[in-house]
Amino acid sequence: MSSHPRSRSSRMLTHLVLIVLAVIVLVPYAWLIVASLKTKEDFFSGMFFPPGDGFLGVAWSSLTLDNYTNLIEKGFGRAAINSVFYASASAIFATFICAATGYALAKSKFRGRTLMTLVVLGSLIVPPTLLIAPSYELLFDLGLLDSVWGLLLPTFAPAFGVFLFRQAVQQSVPDELIEAARIDGCSESGIFMVIVLPLIRPMIGAFLLITFLGMWNNFISPQIVLQTASKQPLSVAIAQLRGVYKTDYGLLMAATVVSVTPVAVLFLVLQKQFISGLTSGAVKG
Amino acid sequence: MSAPGSRRQVIFAWMALLPFLALFAVFMVYPLIQSASLALNQTYGPDTRILVGSKNFELLMKDPVFWKAIRNTLVYTLGSLFIQLPLAFGLALVLNSRRLRGRSIYRLIFFSPQLMGLVFVSVLGALAFEKRAGLVNRSLAWLLQNEKLLEIDWLQAYIMPTLILISLWLYVGFNMIYFLAALQNVPASLLEAAEIDGAGPFNRLRHVILPAVKPVATFVVLLSMIGSLQLFELPYILLQGNGGPNNDGLTIVMYLYQNGFELGDLGYASAVGWALALMLIALALVQIRMVRKEEASA
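Protein chains in written order, with numbering that gives the first Met the number 0: chain X, 0 to 284; chain S, 0 to 297.
Some hints could be false.
[As the list claims (entries may be wrong)] If you want the footprint, here are the derived chain S segments under chain X, 3+ residues with CB under 8 Å:
id, region
1, 77-85
2, 160-166
3, 220-234
4, 273-280
In short, the hints are calculated from the structure, not lab data.
Backbone N, C-alpha and C fix where the C-beta goes; we use that ideal spot for every residue, glycine too.
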């Protein structure tokens with residue numbers, strides 16, 4: 000961009016504005032982490048660290064991990080395990096099912112393919128909120144309310160995944176390669192597993208991450224489908240914790256730290272792959 | 000499409016499609032059809048239905064709480080769009096400059112709230128906007144040296160501004176990423192030519208950058224509107240399940256949830272769902288038509 004500041008002072012001003020905005024974004028994290036280490040009594044003393052006579056005028060010794068141990072006593076560890084399980088299961092199944100479907104719609108020749116593609120892509124316009132009430136009734140009829148399957152099965156076939164994988168296959172899997180493998184006597188499933196899947200690896204990585212995050216942060220489905228407390232994931236457990244211990248701020252903050260840290264770390268580790276996967280799908284072929 | 004493939008290929012295709020098609024039929028197509036018939040019924044829980052025809056919709060049109068929910072949702076949508084998107088675009092313009100130091104770290108910082116996820120941001124927001132204990136009031140009181148500011152009751156008295164502020168924190172960096180990607184489409188040669196021709200920053204923005212960014216911007220506006228109109232988790236968690244005083248924080252999807260799962264009337268909830276779906280589809284169609292018209296005139 001060439002409309003950018005040339006002079007020193009305007010460059011300083013740009014940085015000043017950016018730094019102020021960055022502080023607004025970052026300060027809540029610092030507040031969250033520090034407050035999760037404070038006792039109930041200390042919570043109101045000092046915005047961040049409790050004042051005292053330690054180094055930098057902070058009462059370091061009054062910081063504690065009690066809120067975290069307290070969380071485990073309240074059964075929050077169970078919710079963390081549930082979240083990991085739900086998000087992984089949903090991500091793995093949805094990715095494999097969507098990859099297979101996207102490949103078939105992109106490359107296989109059979110009757111009704113165009114119609115099927117249109118129906119699947121057309122369903123993207125249906126807002127998920129429209130399905131909340133009838134899905135609840137359906138799960139009731141199937142006897143899947145308060146069951147893990149009732150939560151997971153509907154997440155295994157997202158239409159937008161089919162859309163992304165169909166595009167990825169069209170762009171990065173040449174027809175000639177498939178034909179050559181066929182002539183060499185490779186089976187159809189062999190072609191999919193050995194040739195197609197490695198070629199669309201960036202999209203597989205990106206989609207695993209998208210679906211994992213989507214399920215980790217999903218609130219309304221588990222809130223509606225699951226009733227037993229021991230089956231709840233972090234998203235619902237934390238909202239319930241707030242309902243019961245509204246003023247136990249330290250406890251709620253520790254719960255938030257526990258809920259978001261794994262996902263943030265996962266994203267930071269995988270971000271390169273994530274971005275390359277998404278952009279490879281976004282470029283027009 | 001050329002001639003159909005061999006038998007083996009067709010069999011494989013159907014096997015690859017089967018799991019998806021089965022799940023899609025059961026959890027997408029069937030509920031979609033059911034939602035239409037549910038909307039014409041009154042229900043008490045999931046297993047009793049009384050056919051009421053179009054009564055649900057007639058009732059809905061006269062339901063002041065529903066209109067309040069629409070009003071709140073629109074205030075949130077417009078409020079967050081008009082502040083959020085210009086801010087996101089401005090940040091993208093600044094951070095697109097190659098000569099800016101530390102731009103990748105700024106990008107990561109502005110994007111980072113997205114990593115927390117809406118539910119957990121809602122919990123953090125609820126804590127940050129508490130009176131007396133919350134970060135927001137404490138910062139205000141400290142910055143302006145006024146203890147009275149500790150008593151501002153954001154969650155009860157100013158729920159709409161609170162929702163918009165939290166959504167800014169969460170989404171500005173996210174939309175900035177889209178705009179940054181769009182700025183890659185601005186042809187550098189055109190920019191240089193404009194500069195040589197003596198076009199100032201404003202004219203370059205208006206005649207070179209904006210036209211190139213427009214397709215992505217249209218997409219971002221549509222996506223943000225669709226997301227905003229379906230707002231649920233944030234107010235639900237901030238207000239602990241109810242609409243707040245005078246339903247000042249009630250959104251359309253919260254009203255759907257209350258009717259379906261607290262009052263047990265899945266029929267009325269479906270009617271609310273259809274009203275919302277029609278709004279969303281209308282929006283999408285208007286958008287598509289606008290894009291078509293532009294392509295035709297271009």
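Each hint, compared with the structure:
Look at the region 77-85 of chain S against chain X: 0 of its residues bring a Cβ nearer than 8 Å to a Cβ of that chain, fewer than three, so the hint is violated. Counting residues of the region 160-166 of chain S whose CB lies closer than 8 Å to any CB of chain X gives 0, so the stated coverage by that chain is violated, three being the minimum. Restraint check on the region 220-234 of chain S versus chain X: 4 residues with Cβ-Cβ distances below 8 Å, three needed, restraint holds. By the rule of at least three residues with a Cβ nearer than 8 Å to a Cβ of chain X, the coverage given for the region 273-280 of chain S holds, with 5 such residues.
The structure is inconsistent with the numbered hints 1 and 2, although it conforms to all the rest.
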